[in-house]
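> Here is what each chain is made of, one letter per residue.
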Amino acid sequence: VADQPRLFETVVLPHLDAAYNLARWILRNEDNAQEVVQESAMRALKYHHTLRGEDALPWLLQIVRNTAFTWLERNQRNDAVESLADDTMIPDDSASDPSSIVSDQLDAESLVRAVDGLPAEFREVIVLRELEGLSYKQIAQTTGVSIGTVMSRISRARKRLQIALVPPAQQELDHGM
Amino acid sequence: MECRRAQNLIDAYFDEELDTLHAMEVEAHVHECGRCATMLNNRKALRQALRAKLPYYKAPDLLRRKVTGNNPFPWRRLAFAMAACFVLAVGGLSWSIMMPSSRHIADPSIQLADAVESDHVRSLLNLDHLTDVLSSDKHTVKPWFAGKLPFAPPVPDLASDGFPLIGGRLDVIEHQTVAALVYKKDKHLINLFIWPTGSGAAPYETITTPRGYHIIHWIANGMEFWAVSDVESKELVHFADLQGTATTTNH
Numbered sequence: 004v005a006d007q008p009r010l011f012e013t014v015v016l017p018h019l020d021a022a023y024n025l026a027r028w029i030l031r032n033e034d035n036a037q038e039v040v041q042e043s044a045m046r047a048l049k050y051h052h053t054l055r056g057e058d059a060l061p062w063l064l065q066i067v068r069n070t071a072f073t074w075l076e077r078n079q080r081n082d083a084v085e086s087l088a089d090d091t092m093i094p095d096d097s098a099s100d101p102s103s104i105v106s107d108q109l110d111a112e113s114l115v116r117a118v119d120g121l122p123a124e125f126r127e128v129i130v131l132r133e134l135e136g137l138s139y140k141q142i143a144q145t146t147g148v149s150i151g152t153v154m155s156r157i158s159r160a161r162k163r164l165q166i167a168l169v170p171p172a173q174q175e176l177d178h179g180m
Numbered sequence: 028m029e030c031r032r033a034q035n036l037i038d039a040y041f042d043e044e045l046d047t048l049h050a051m052e053v054e055a056h057v058h059e060c061g062r063c064a065t066m067l068n069n070r071k072a073l074r075q076a077l078r079a080k081l082p083y084y085k086a087p088d089l090l091r092r093k094v095t096g097n098n099p100f101p102w103r104r105l106a107f108a109m110a111a112c113f114v115l116a117v118g119g120l121s122w123s124i125m126m127p128s129s130r131h132i133a134d135p136s137i138q139l140a141d142a143v144e145s146d147h148v149r150s151l152l153n154l155d156h157l158t159d160v161l162s163s164d165k166h167t168v169k170p171w172f173a174g175k176l177p178f179a180p181p182v183p184d185l186a187s188d189g190f191p192l193i194g195g196r197l198d199v200i201e202h203q204t205v206a207a208l209v210y211k212k213d214k215h216l217i218n219l220f221i222w223p224t225g226s227g228a229a230p231y232e233t234i235t236t237p238r239g240y241h242i243i244h245w246i247a248n249g250m251e252f253w254a255v256s257d258v259e260s261k262e263l264v265h266f267a268d269l270q271g272t273a274t275t276t277n278h
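Note that the protein sequences, when read in sequence, are chains A and B.
If you count by our numbering, then the first sequence holds residues 4 to 180, one letter each, in order.
If you count by our numbering, then the second sequence holds residues 28 to 278, one letter each, in order.
It is worth saying that the hints were derived from the structure and are not from the lab.
Any given hint might turn out to be false.
[Claimed, not checked] Below 25 Å or equal to it, Euclidean Cα-Cα: the simulated PhoX-like pairs (lysine-lysine) are:
1. A:K140 <-> B:K71
2. B:K93 <-> A:K49
3. B:K165 <-> B:K175
4. B:K169 <-> B:K212
5. B:K211 <-> B:K165
[Said to hold, decoys possible] A few chain A positions that, by computed beta-carbon distances, are all more than 12 Å from chain B:
6. H18
7. Y50
8. E76
9. R77
The C-beta atom is built at its ideal place from N, Cα and C for all residues, glycine as well.
Let's have the full structure, built from the sequences with the hints guiding it.
Pasting the structure below:
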């Protein structure tokens, strides 16, 4: 079992950026993210014995995201799990011709706005997949859901982002754009 | 494959999480279907944009100082930094723990192999815990285990065969305290985990993990042996043979 000093040096400090980045995206606020990461570091030390034979990063990020979600629930959770079920806004891909996205035409500001506009559970899978480069298995470990759920969340999150960034051709026609 | 099915799988395909068979099906479909090809291209463009332009918020200095200030073990920092440098210099192994493994592990013996591998990697990354008893002398290492384990692991001297003993330590694998012997082969380290088992004997079983480590498992004289290393597979087989011979002649 990893002892506490080793855990601090090998797990917490090297992954502090990853921990903060995830907390920052889930909470959308710097101060709260700092608070959550500090609390997570303490919890990581306290629960160091639960790290066994697995990747350290998902283990640490799981503590961070759980702490962050607890924080959201306690404070200002307005984009709760309910919104996960609500995909009525999203047209079925097979029903509308997808527009083409050109990455050069997307600016940082609109990307941040699009990601911030996602429900927290979608924000976290986008961050874990695209910014941390974690596998589905690692994301499942981090978020505590099945690999199948990870797959569906990532897929739905990307569809939402796509629509937020480039409205589908169908919508453009409907709104006379 | 229908569009609908292809679209359900397109993200897993794009993330390289599909098994070969399904991946080939999706690939074939995308090749023929313009609409699904556009979807896939959109995924690529989206990722490109996100990875290039979405901010990665680094931990602010203040937070780093606060967290470090909470570190109850500040004197360990220097030792760790030195150990980390040494590991990078010796094996360049640390990259392997960053490679995500997408394989789903269900088989209990595979799971055990996974635990053995993780312990091996962790022992390399934590040189302060590579060995509890640092000695190339089996007459030092073997008695060291005596008071600490309810069994006596065989500790053969294989230096003349090119596998010098580095030392030993106690480790925990799947909630069981085990003996870990550390041998060296050129610049590579070999961890040999040993613990008692009910069954008498089992032949060599070799496993290559997704991260590229070789593992050999066997049972002899009522003990489990798990050798793990990044040496070439034939070298590890040679090591296991020597261990096997030494164990049999010792008893």
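> Give a verdict on every hint.
Now for the hints, and whether the structure bears them out:
1. Taking the CA atoms of K140 (chain A) and K71 (chain B), the gap is about 21 Å. The hint holds against a cut of 25 Å.
2. At most 25 Å may separate the alpha-carbon atoms for a hinted pair to count; K93 (chain B) and K49 (chain A) meet this at roughly 17 Å.
3. Of the pairs offered as hints, the one joining K165 (chain B) and K175 (chain B) holds, with about 16 Å between alpha carbons and a cut-off of 25 Å not exceeded.
4. Of the pairs offered as hints, the one joining K169 (chain B) and K212 (chain B) holds, with about 20 Å between alpha carbons and a cut-off of 25 Å not exceeded.
5. A distance of roughly 14 Å separates the Cα atoms of K211 (chain B) and K165 (chain B); the hinted pair therefore holds under the 25 Å criterion.
6. Look at H18 (chain A): its CB is around 10 Å from the nearest CB on chain B, not clear of 12 Å, so calling it non-interface is violated.
7. In this structure Y50 (chain A) is separated from chain B by more than 12 Å, as the shortest Cβ-Cβ distance comes to about 15 Å.
8. Once the 12 Å rule is applied to beta carbons, E76 (chain A) is consistent with being away from chain B; the minimum gap is 22 Å.
9. The Cβ of R77 (chain A) lies farther than 12 Å from every Cβ of chain B, with a closest approach of about 20 Å, so its non-interface assignment holds.
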